[in-house]
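J.: So the sequence lines, in the order shown, correspond to chains D and R.
407 is the number that full-length UniProt numbering gives to position 407 of the first sequence; each next residue is one higher, with no gaps.
264 is the number that full-length UniProt numbering gives to position 264 of the second sequence; each next residue is one higher, with no gaps.
It should be emphasised that the hints constitute simulated quantities derived from the structure, not laboratory data.
Where is the CB? At the ideal position from N, CA and C, for every residue including glycine.
There may be inaccurate statements among the hints.
Which chain R residues face chain D? A few, computed with CB under 7 Å, are given here [what the hints assert, rightly or not]:
| no. | residue |
| --- | --- |
| 1 | P155 |
| 2 | N443 |
| 3 | K444 |
| 4 | Q459 |
To give an idea of the interface, some chain D residues facing chain R are shown, with a C-beta separation under 8 Å as derived from the structure [what the hints assert, rightly or not]:
| no. | residue |
| --- | --- |
| 5 | Y102 |
| 6 | G430 |
| 7 | Q440 |
| 8 | E442 |
Letter by letter, the chains look like this.
Protein chains: 2
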Amino acid sequence: MIKLNLPFHAYLHNKPPTKISTPNNRSWRLLKRDRSFPQTSMATTTKPMKKTSSLHQKWKGSKDQNDFSSLLEPMDPLLRSEVIRYGEMAQACYESFDNDPYSKYCGSCKVPPKTFFQDLGMNDFGYDITSYIYSSNTSNLVPKFFTKSIHSDGPWSPAVNWIGYVAVSDDETTARLGRRDIAIAWRGTVTKLEWYEDLMNFLKPVSAQKLASRDPKIKVMAGFLHIYTDKDQSCMYSEFSAREQLLAELARLTMIYGQKKEEISITITGHSLGSALAILSAYDIAESGLDILDNMRDIPISVMSFSGPRVGNTRFQNRLELLGVKVLRVFNVHDKVPNVPGFFLNEYTSSLARHIFDWTTWFYSHVGEELALDHTKSPFVKTKLALPSKHNLELLLHLVDGYHGKGTEFCLTSGRDKALLNKDGDILKGEYLIPPKWFQVENKGLRKKPNGKWELPEQKGIEDHLRPEDVELHLRKLGLKV
Amino acid sequence: MIKLNLPFHAYLHNKPPTKISTPNNRSWRLLKRDRSFPQTSMATTTKPMKKTSSLHQKWKGSKDQNDFSSLLEPMDPLLRSEVIRYGEMAQACYESFDNDPYSKYCGSCKVPPKTFFQDLGMNDFGYDITSYIYSSNTSNLVPKFFTKSIHSDGPWSPAVNWIGYVAVSDDETTARLGRRDIAIAWRGTVTKLEWYEDLMNFLKPVSAQKLASRDPKIKVMAGFLHIYTDKDQSCMYSEFSAREQLLAELARLTMIYGQKKEEISITITGHSLGSALAILSAYDIAESGLDILDNMRDIPISVMSFSGPRVGNTRFQNRLELLGVKVLRVFNVHDKVPNVPGFFLNEYTSSLARHIFDWTTWFYSHVGEELALDHTKSPFVKTKLALPSKHNLELLLHLVDGYHGKGTEFCLTSGRDKALLNKDGDILKGEYLIPPKWFQVENKGLRKKPNGKWELPEQKGIEDHLRPEDVELHLRKLGLKV
Numbered sequence: 001m002i003k004l005n006l007p008f009h010a011y012l013h014n015k016p017p018t019k020i021s022t023p024n025n026r027s028w029r030l031l032k033r034d035r036s037f038p039q040t041s042m043a044t045t046t047k048p049m050k051k052t053s054s055l056h057q058k059w060k061g062s063k064d065q066n067d068f069s070s071l072l073e074p075m076d077p078l079l080r081s082e083v084i085r086y087g088e089m090a091q092a093c094y095e096s097f098d099n100d101p102y103s104k105y106c107g108s109c110k111v112p113p114k115t116f117f118q119d120l121g122m123n124d125f126g127y128d129i130t131s132y133i134y135s136s137n138t139s140n141l142v143p144k145f146f147t148k149s150i151h152s153d154g155p156w157s158p159a160v161n162w163i164g165y166v167a168v169s170d171d172e173t174t175a176r177l178g179r180r181d182i183a184i185a186w187r188g189t190v191t192k193l194e195w196y197e198d199l200m201n202f203l204k205p206v207s208a209q210k211l212a213s214r215d216p217k218i219k220v221m222a223g224f225l226h227i228y229t230d231k232d233q234s235c236m237y238s239e240f241s242a243r244e245q246l247l248a249e250l251a252r253l254t255m256i257y258g259q260k261k262e263e264i265s266i267t268i269t270g271h272s273l274g275s276a277l278a279i280l281s282a283y284d285i286a287e288s289g290l291d292i293l294d295n296m297r298d299i300p301i302s303v304m305s306f307s308g309p310r311v312g313n314t315r316f317q318n319r320l321e322l323l324g325v326k327v328l329r330v331f332n333v334h335d336k337v338p339n340v341p342g343f344f345l346n347e348y349t350s351s352l353a354r355h356i357f358d359w360t361t362w363f364y365s366h367v368g369e370e371l372a373l374d375h376t377k378s379p380f381v382k383t384k385l386a387l388p389s390k391h392n393l394e395l396l397l398h399l400v401d402g403y404h405g406k407g408t409e410f411c412l413t414s415g416r417d418k419a420l421l422n423k424d425g426d427i428l429k430g431e432y433l434i435p436p437k438w439f440q441v442e443n444k445g446l447r448k449k450p451n452g453k454w455e456l457p458e459q460k461g462i463e464d465h466l467r468p469e470d471v472e473l474h475l476r477k478l479g480l481k482v
Numbered sequence: 001m002i003k004l005n006l007p008f009h010a011y012l013h014n015k016p017p018t019k020i021s022t023p024n025n026r027s028w029r030l031l032k033r034d035r036s037f038p039q040t041s042m043a044t045t046t047k048p049m050k051k052t053s054s055l056h057q058k059w060k061g062s063k064d065q066n067d068f069s070s071l072l073e074p075m076d077p078l079l080r081s082e083v084i085r086y087g088e089m090a091q092a093c094y095e096s097f098d099n100d101p102y103s104k105y106c107g108s109c110k111v112p113p114k115t116f117f118q119d120l121g122m123n124d125f126g127y128d129i130t131s132y133i134y135s136s137n138t139s140n141l142v143p144k145f146f147t148k149s150i151h152s153d154g155p156w157s158p159a160v161n162w163i164g165y166v167a168v169s170d171d172e173t174t175a176r177l178g179r180r181d182i183a184i185a186w187r188g189t190v191t192k193l194e195w196y197e198d199l200m201n202f203l204k205p206v207s208a209q210k211l212a213s214r215d216p217k218i219k220v221m222a223g224f225l226h227i228y229t230d231k232d233q234s235c236m237y238s239e240f241s242a243r244e245q246l247l248a249e250l251a252r253l254t255m256i257y258g259q260k261k262e263e264i265s266i267t268i269t270g271h272s273l274g275s276a277l278a279i280l281s282a283y284d285i286a287e288s289g290l291d292i293l294d295n296m297r298d299i300p301i302s303v304m305s306f307s308g309p310r311v312g313n314t315r316f317q318n319r320l321e322l323l324g325v326k327v328l329r330v331f332n333v334h335d336k337v338p339n340v341p342g343f344f345l346n347e348y349t350s351s352l353a354r355h356i357f358d359w360t361t362w363f364y365s366h367v368g369e370e371l372a373l374d375h376t377k378s379p380f381v382k383t384k385l386a387l388p389s390k391h392n393l394e395l396l397l398h399l400v401d402g403y404h405g406k407g408t409e410f411c412l413t414s415g416r417d418k419a420l421l422n423k424d425g426d427i428l429k430g431e432y433l434i435p436p437k438w439f440q441v442e443n444k445g446l447r448k449k450p451n452g453k454w455e456l457p458e459q460k461g462i463e464d465h466l467r468p469e470d471v472e473l474h475l476r477k478l479g480l481k482v
């Protein structure tokens, strides 16, 4: 893993939002956030900055320092590194998820939070997992997103799936970044594109009032909302919704680092359906969650969205922008998934149609800045790719690595391994002799016991994956539970 | 691995053949073998027998001691163990074969001969590999049997495939068996049943005169004969045919152990297409190869055939019986492969048809004793199996383990692991929570190098897999090369 010397949030959070309202009501439900970030926030970090001063000076002197898009054309090398870093966090969700229906723990995370990155071979990644996030499949709205064991009475509830994690930058990384970064990574679908079909059946927009939204005309995809807000009291892991688990954990973390007077950032990452959850939760956090903690109001929130579908209507988009949430939307122009929902009703629809409908309500809209990549530009990628490969996250990270701006030639910069293109896809040209879809565990996780029998081992430390008592405590503090 | 206390060959080789001719001409090509094995051969072993005396006495006193079929009904427990042992030797060929076209070594054996069994987790198996056998795809008659790397200029010739091995029982096993056992294992097709189609196109019977046969009416499947006899001088590994490699190695080994006055047996094993090669090579060895070494004439030859197709015509069958080669033909009655070639013209064809054709020439015929098993008898096996699973070798070994004779209830005896049913198939009932086709190497063999790049590692010791100079030397001794 390449260690970075620069604070990513320097790019993403320094632009003060316009049209901000600052009501006096401080209730967490009603409060709009004041996002007039001080221009000098980088200087207020409590940690010493290492090796970053010269580059900092460069940006501070630049007139474009607050213009996010100016970092894309041409592509800023440090932004590129950060995009790849957060992409790897999203990729880690796929690699750690137990989606083997023969496993008794199918639906859980295969590795314990304490050794998450190490167990995935991401040594010295610079972050520590603080909490896992789970979702229940109560509504059955996106059935193919969820997976369960064929073992009906196994130790893991078939109603609950591990869906992501919260991690915090360690001291060394914090020093480099210039702030304590709370990263939230949402898992996408491991069952490849089966959910795509589902998605087309569940384009139903519903009001976001389950979240902190006060505007009933803000609508989001029902399926995403359900994954984020459903709960199932029958199981410890789904006693609280993903939303509640996340907000409680953020309350806990921001309190800890707030008391230490550390500068904090929140970065949310996800691929595919995970991108939708990233955007939805970013909205929710910005709109509601953190405002009851007065000293946390200025935490910049940004989203690294990879190959994400649209999440909400144009009102949702407008509101997200107003709240100052920064989204960088990375996608492959040949991938169809970012076009759902909203093949016909979206931000590019003709102005005539826009006049007929109430477009801010009924049109789905993408959010944030675009980083549109094209896999045909890479000389390492096969000429013809199947749909799942075009949607592949590792492909995107490869394209980011070789991107220098529109019209520029593809040229890899970080020395990122080309073999990763075939880790979960069939993308790299055959001449590089890397087998397609090579990521697999030895013997599907079976171990030979001393008696000679092959068995799937018991999962150690699974009881440490969630602390419901913490969730409850912090939900009370947030006023989300009485 | 269960260690056996009894000589398998006590069962298979003690029956003297009938109608044997004993010509005076001792030329290896023309000689017919004298297979009147002494009834007391078990007592002449040069190694002390351990723990076997009581069971030996049992058989010596039995009037059925020479009746092979009497060991099947009811199934003799020690024969069962031996069948499983040789089945595992055939299975080892699948697990060690590099059939990944992305590997530079595709077509070779993944593990070096010195550590073959250990590397496959078969510690203390009791045999040591003495030589690997290779075949070239010169005739292209059974193309799907062969596999090659997509790397056109790799270190391994695309024209050569590893096809089996010769192993010798170690001293401990030799003491248990009562003789030095030379085991020959032939690989079947790893590409599952794709070759089945090929086979149907290559039913062409050809004369076995490429072997030592003097009878032009003895015919065998052209495809099998080609795999066994083709050579390609362009590569060190195919400079000699599989046949020449095998005969040379047997000449070398029998000389070594013959000089030590050890009693020797030859057991040939193979699954599917490997079974065909086992039967073909058994015929060839019996007919020709060893007779130039006077002191080797009495070596009993037996074949453990698993799920094998027919190999030759009725004349071939008759000749094999006359030569005293014992074949135990183990198969699943629901498997279609043992029915090819010869759906219409085979040993069960109506007597009318037999009169119209010269049936000894034009009818394919199975050889040896049948051990017909039925997967529907096992309560552990799924009710519905796909064709490749019905043909699966691990399924057969499971069925052998539970077989006690016709009409008896299925009951596992050795404690053989049920999980092995799903090692390469989808056979075990889901309730046992063993994923189907679980046998796979971590990350398809890719290793992360210190620089962070994933690569297929170089194969170590591949140059030790064959000793062409040995082959040449012993072929000269056999008169097969001048």
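J.: Decide, hint by hint, whether the structure agrees.
T.: Okay, the hints, checked on the actual structure:
1. For P155(R), the shortest C-beta to C-beta distance to chain D is roughly 12 Å, which exceeds 7 Å, and the interface hint is violated.
2. With its C-beta approaching chain D no nearer than about 5 Å, N443(R) sits inside the 7 Å limit, and its interface hint holds.
3. For K444(R), the interface hint holds, since its Cβ comes within 7 Å of a Cβ in chain D; the closest pair sits about 4 Å apart.
4. Given the 7 Å rule on beta carbons, the hint for Q459(R) is violated: about 13 Å separates it from the nearest Cβ of chain D.
5. Against a cut-off of 8 Å between C-beta atoms, the interface hint on Y102(D) holds, since the closest Cβ of chain R lies about 4 Å away.
6. Contact between G430(D) and chain R, as hinted, is supported at the beta carbon level, the nearest pair being about 5 Å apart and thus within 8 Å.
7. For the restraint placing Q440(D) at the interface with chain R, the shortest Cβ-Cβ distance is roughly 5 Å, inside the 8 Å limit, so the hint holds.
8. With a least beta-carbon distance of about 4 Å to chain R, the hint placing E442(D) at the interface is held under the 8 Å criterion.
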